[in-house]
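Colleague: Residue numbers (my numbering), protein chains in the order written: chain A, 1 to 217; chain B, 1001 to 1211; chain C, 2001 to 2287.
Just so you know, the hints here were simulated from the structure itself, not pulled from any lab data.
Keep in mind that the hints are not guaranteed to be accurate.
Taking lysine-lysine pairs in the DSS-like style, the calculated list, with each CA pair at most 25 Å apart, reads [stated by the list, open to error]:
id : chain 1 : residue 1 : chain 2 : residue 2
1  : B       : K1064     : A       : K68
2  : C       : K2245     : A       : K68
3  : C       : K2144     : A       : K177
4  : A       : K68       : C       : K2055
Selected chain A positions facing chain C (Cβ under 10 Å, derived; list incomplete) [claimed, not checked]:
id : residue
5  : R67
6  : K68
7  : Q70
8  : T71
9  : R73
10 : N88
11 : G159
12 : H162
13 : A166
14 : G170
15 : I173
16 : N175
What you are looking at is a predicted structure, and each value in this text was computed from that prediction instead of being measured.
Yeah, the Cβ is synthetic: ideal placement off N, Cα and C, and Gly gets one too.
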Amino acid sequence: MARVKGTQTGELTEAEAIRRAQRGDAAAFERLYQLHSRRVYALCLRMVGNPTEAEDLTQEAFLQLFRKIQTFRGESAFSTWLHRLAVNVVLMRLRRKQPAENSLDELVEQDDDASGYRREVGVEDLGLAGSVDRVHLERAVAQLPPGYRMVFLLHDVQGYEHNEIADIMGCSIGNSKSQLHKARTRLRQLLQEAERDRARQQRQQARRPAALGPDGG
Amino acid sequence: MAMNCAEFEAHCADWMEGERTAEARAHLLACARCRALVADLEAIRMAAPALAEDVDPPASLWPKIEAALRSEGIIRPQPRLWWLGPVPVRLALGTALATLVTIVAVGVYRRPAPAAPRLSWLQHDQAELARVDRQVRHAASETAVALNAADPAVRDTLVRNLAALDRQIEVCSRTLEDDPDDEITRSYLFEAYHQKSDLLTLMAERVTTGE
Amino acid sequence: MTVGRQTRARVVGWVVALMLAGALQARAHRIVRQFRVGSHPVVTVRNASGRVQVKSWRKAEVRVVADHRSPKVEVDATQQGNRIEVATHVLTEDVSPADVEANYEITVPEETELSVRNDSGSVHIEHIVGDLTLETVAAPIELKRIIGYVNARTVGGSVTCEECSGRLEASSISGDIRILRSESPNVQARTSTGNILLDSDLLPNGLYTLRNYSGQIEVRFSPSDSFDVSAISMRGQVENEAELKQPAHISHHLPSFARSLFGVYNEGRARLVLTSFSGTIRIRRRM
Chain A
1 MARVKGTQTG ELTEAEAIRR AQRGDAAAFE RLYQLHSRRV YALCLRMVGN
51 PTEAEDLTQE AFLQLFRKIQ TFRGESAFST WLHRLAVNVV LMRLRRKQPA
101 ENSLDELVEQ DDDASGYRRE VGVEDLGLAG SVDRVHLERA VAQLPPGYRM
151 VFLLHDVQGY EHNEIADIMG CSIGNSKSQL HKARTRLRQL LQEAERDRAR
201 QQRQQARRPA ALGPDGG
Chain B
1001 MAMNCAEFEA HCADWMEGER TAEARAHLLA CARCRALVAD LEAIRMAAPA
1051 LAEDVDPPAS LWPKIEAALR SEGIIRPQPR LWWLGPVPVR LALGTALATL
1101 VTIVAVGVYR RPAPAAPRLS WLQHDQAELA RVDRQVRHAA SETAVALNAA
1151 DPAVRDTLVR NLAALDRQIE VCSRTLEDDP DDEITRSYLF EAYHQKSDLL
1201 TLMAERVTTG E
Chain C
2001 MTVGRQTRAR VVGWVVALML AGALQARAHR IVRQFRVGSH PVVTVRNASG
2051 RVQVKSWRKA EVRVVADHRS PKVEVDATQQ GNRIEVATHV LTEDVSPADV
2101 EANYEITVPE ETELSVRNDS GSVHIEHIVG DLTLETVAAP IELKRIIGYV
2151 NARTVGGSVT CEECSGRLEA SSISGDIRIL RSESPNVQAR TSTGNILLDS
2201 DLLPNGLYTL RNYSGQIEVR FSPSDSFDVS AISMRGQVEN EAELKQPAHI
2251 SHHLPSFARS LFGVYNEGRA RLVLTSFSGT IRIRRRM
C-alpha cells in the first residue's frame, strides 16, 4: 500500500524521503538525517572518543551519503549503506593516524593473544563472576584495537547481524564472527586486568596505617 | 576422545554463535575454568546494549551539512511535477510501481520476529506481489508503446530485458508451487520482482524526460 | 589612459567579442570547458547516447570536451563549488536517436569521485582513485586501473573491470560481467541472464559473491590461491578443477536435483560464494 505522503518533514517515510532526496528535496535530506544521525554519531563517538572529531566524521559520512544518493536503488537496507560509509570514514581517519599503512586486518593487533588464558605463574585467574559493570565495559571498549572495537559496536552494541556487518565492513561472515569473538575475549582480558588493579589498590589501601574510615578497617 | 581446554577454546567462537556440540557440552560440565570463560563472554554480550544510548549530535551539525549540500547543488529547487503528458499511463504505472516497490522493499528487507515461522509471511507477500504484478503488466505494456520515440537500442534493451525478467518470475513461481519451502528459488523470485520494478522505473523516466 | 586609447580599447574589445561569437557559431556543436577544482572533486555526467570517456591528469582541473551533431540538443558543463555537472539536454520533443547522440572526453584529477549515467553508446574510464557510480541501459562499461569503490549497474550493457582494486559491485540483467587481473577484497557481481567471469587475485579474507539466474559463472584460480568455496546451481551444472578438502560440516538443505560444491583449497583464506539457478558454474585452473 502506498503510504500517505505527509507535508511535514516528520511524516515522511524513509523510502519516500530517499525518493525525494534523489530529486534534491531539502526536507527529505533532513528527514534522513533525523532518522539516522544518532546511531552514526554514537558509533563515531565510541570509535574516536572525542565529540569534536565524532561530529566531523558524522558530517563527512552524511555528506558522502547525500552526494551519492542518486545511486541508491534499494539493493541493501539504506541504514546498512549509510553505516558502511560511516565505518569507512572512521577507519580511514584512524588509518591516517597510524604511523604505517594499514589494512583493516592490521588495525587489529598482530600478536593476537586475546585467548583469555593468561597463564601467569602464581596469579589466580579471576573470572568476572558473570557480571560486567557498564562503566568498566565502556573503558575497556575504548582500549580495544579499532578493528575489534568496530565489530563489537556493530554487533553487540548496535545489534547488527553478521551478514549485515559483512556487508558494512566488506569482509566475510566468518571474519565478522571471528573478529567478534576476539573482541569479546580481549574485553574479558581488559576487564580482568582492571579488576586485578582495583583489587591490588584496595589491598594497598587496607595496609596504610592510621587510615581510619569506612575502608580502613 | 574427550575435549580438553585448548580444544574448547578453539571451538568457543562457534559455541558463542549457538553451535553446541556434545563434546563441548561435556567439557563444560566438567571444567569450571571454561565455564567461567563462557559466563564472562555471555555477560559481556549482555552488558553491551547498555552502551547504545543514542547520543544526539550537536544541534549545529545539521545546518553545516545543509549548507554544504546547498553549495554543492545537491539540494536544488524541486523540478516540475513529472506527471505531465498522457496522465492515465503514467499515473497508473506510477501507482502500481510505487506499490510494487513498497511491497518488495518490505517483503525482502523486513526481518520476521525470531520465533515466528519464517514461511508464512513470505508466502503472503508472494501472493500480494503476484497480484500487483498483474496490474503492473498492463501499465507496462502501455509504457512500452510510449517508448517508441526513444533510441531503438535503448528501447529494445529495455523491452527485451523486461521479458527476460518476466520469464524468470514465471519459472520461479511455478517451481515454488511444487516446493514452497525452496528458499533459494524464492530469493530468485523476489530478486526478479525487484529488478523488474527498477527496470520499469527506468522506463517510466524515459517516457517523461524524452531521453 | 587617454580618452582616445580607451575608446580604441573598447572597440578592439567588441571586435574580438564579435569574432569569438562568430567562431563559436561555426563550432556550435563542440564545447570545451575547463574548471579549477579543489581536492577530491565530484564529477557527474548525464548523457543519453554516445561515447563517454574519462581519464585523469595531474592538474587540479577538470576539462570537458563535448561534441554533438544536432542543434536540438545542448551539452552543458557547470561548476558548483567542488562539483562539476556535465549533462546533455534535449531541447525539443521531436528528436531522432541520431540527434540525441553526444560524445564526451573528460579529464579529471586522479583523485575524483565520478557518477556517470549514459543509456547507450559506451563508457570508458581509466586511472582514477575514487569511488565510481555508473549506470547504463545498453552501453558497455569498461574500467581500467580504478582504485576505489565501484558500483556499476546496467540493463543490457556489459561491465568489464581490468586491473581494479577496491570494492567492486556490478549488476546487470543481461549484460556480462568480467573482473580481470584485479585485486579486490570484495567483489559482488549479479546478473540475471548475463555471464560472470572472475579472473583475478583472490585476496586473503576476500569475499567474492557471484550470482546469476541463468548465465555462466566462471572463476579462475592458480595453485597459489587459497579459498573456501560454496557453489550451488539449482538446475544447472557445477564443474570444478580444484582439489578441495571437504569442510568439517555442511548444513544445507538442497533439493536432490541441485548441484553443489563445498570445499577448501589450500588454507581457505578467501571466500567464494557462487550461486546460479539454471546456469553452469565453473572453477577452472589457470594454465
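Colleague: Does the nearest C-beta of chain C fall within a distance shorter than 10 Å of the C-beta of R67 (chain A)?
Modeller: With a closest approach of 6 Å, the R67 (chain A) hint holds.
Colleague: Take the shortest C-beta to C-beta distance between T71 (chain A) and chain C; is it under 10 Å?
Modeller: 4 Å, holds
Colleague: So, as I understand it, the hint says K68 (chain A) touches chain C; can you test that by seeing if any CB pair is closer than 10 Å?
Modeller: 6 Å, holds
Colleague: Do the numbers back the hint for G170 (chain A), that is, is its least Cβ distance to chain C under 10 Å?
Modeller: 4 Å, holds
Colleague: Can the hint on N88 (chain A) be confirmed by a CB-to-CB distance to chain C that is less than 10 Å?
Modeller: With a closest approach of 8 Å, the N88 (chain A) hint holds.
Colleague: Just to be careful: measuring from the Cβ of G159 (chain A) to every Cβ in chain C, is the smallest value less than 10 Å?
Modeller: 22 Å, violated
Colleague: Grab the minimum C-beta distance from H162 (chain A) to chain C and call the hint holds if it beats 10 Å, violated otherwise.
Modeller: Violated, because the Cβ-Cβ distance from H162 (chain A) to chain C comes to roughly 12 Å (cut-off 10 Å).
Colleague: Are the Cα atoms of K2144 (chain C) and K177 (chain A) separated by 25 Å or less?
Modeller: Since the Cα atoms of K2144 (chain C) and K177 (chain A) sit roughly 34 Å apart, the hinted pair is violated (cutoff 25 Å).
Colleague: Between K68 (chain A) and K2055 (chain C), does the CA-CA distance stay at or below 25 Å?
Modeller: 21 Å, holds
Colleague: Against the 25 Å threshold, does the CA-CA distance of K2245 (chain C) and K68 (chain A) hold or violate the hint?
Modeller: 43 Å, violated
Colleague: Hint check: is the beta carbon of Q70 (chain A) less than 10 Å from a beta carbon of chain C?
Modeller: Holds, about 7 Å.
Colleague: Holds or violated: the hint that A166 (chain A) contacts chain C, with Cβ atoms closer than 10 Å.
Modeller: 7 Å, holds
The structure is inconsistent with the numbered hints 2, 3, 11, 12, although it conforms to all the rest.
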